[in-house]
Amino acid sequence: ILIIKLSAIGDVIHALPVSYAIKETYPEAHVTWAVEPPARELLEGNPYLDDIIVFEKKKFKASLGGFWENFWPLRKKLKAGQFDIALDLQGLGKSAALAYFSGAPRRYGTADMREGSRWISTPVRGENAKGHIVERYLDVARAIGCRVERVVFPVAIGDSDAVEARQRLLLAGVPEGRPYAVLAVGANWPNKRWSPRDYATLADWLFERHVIPVFVGGGLLDEHLVEDITRLALVPPVNLVGQTTLKQLAAVIAGACVMVGGDTGPVHLAAGLGVPTVMLMGPTDANRNGPYGQIENAIEANRPCRYCWKRACPKGLDCLAAIHPPQVEEKIEQIWRRREGQ
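Here the numbering used here is used: position 169 in the sequence shown is 213, and no number is missing along the way.
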């Protein structure tokens, strides 16, 4: 069985339960996952996968010569898998090509496939076709007979990753045993990012409650955002942006008392790990993309144009500016009260 979910990191996290569902139902099946390089690390060590095929999209797009140079080795790997079934969970032209060249006689995809992919794989319109994306992916697994009695996000955090994460927290100023919150500063879409001023206000509020705010992310933009937050905050927060691998990030998140951020990979990772997760949402909706299993912890922007699914606001609005720090603080306190009650 070939699972095709290439990117982005958050989307790959959403699809992880499919690997568990397949192996629980068909323990003798040989399960392979096709993925792009940035998300590969999330799949390494997954006990419900037997193989990983890396699709290096950049090499294919570099030139016509680069395309053909990489096409034949990739096709050979796909053919060597002798796949009976391909599950196209990406639903785009590039994933449709992988499904087709896999040679699998049975090919299935999600209900909302695009770029002609529905002509390669059969769209599955299950009972969750309008529900959460995790359940939409699991509907594709159900279509090949998988039992879905538990939803498991298999992220294998090794001992070395946990030790390194702990060391980085200590060096950054988080003492052993001190509660800390993780805040995901960035997102690929501009209108999924909360403002530095609001994050600074929340960071100071956390410090007042003896919880250390730890910012995570990656890339130059996220580094600049944390610099802005640090200038605005009364107490400098801990900055781990760009300082961890994905597995180390998972270990950092796993030890947090709460996670806060937009609709982005690290926040979905937190939800998958069972960490209390507050997600700030505007252009996307909680019903489809909210923190899985914790939809009640999503805070949606109070705007009539929310759920537009546009990367940048056509009206020029700061989408998440409609969400204010007191709303987030109250949501966090609700989570903490529930945990104390339990």
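Treat the hints with care, since some could be wrong.
[To be verified] Okay, derived cross-link-like pairs now, DSSO-like style, lysine-lysine, Cα gap no bigger than 30 Å in a straight line: (1) 123 / 354; (2) 354 / 102; (3) 138 / 123; (4) 123 / 101; (5) 138 / 174; (6) 174 / 354; (7) 102 / 120; (8) 102 / 121; (9) 123 / 102; (10) 121 / 174; (11) 101 / 354; (12) 101 / 120; (13) 121 / 138; (14) 121 / 101; (15) 120 / 138; (16) 101 / 138; (17) 354 / 120.
Hints were generated in silico from the structure; no laboratory data involved.
Broken hints, by number:
1, 10 and 17
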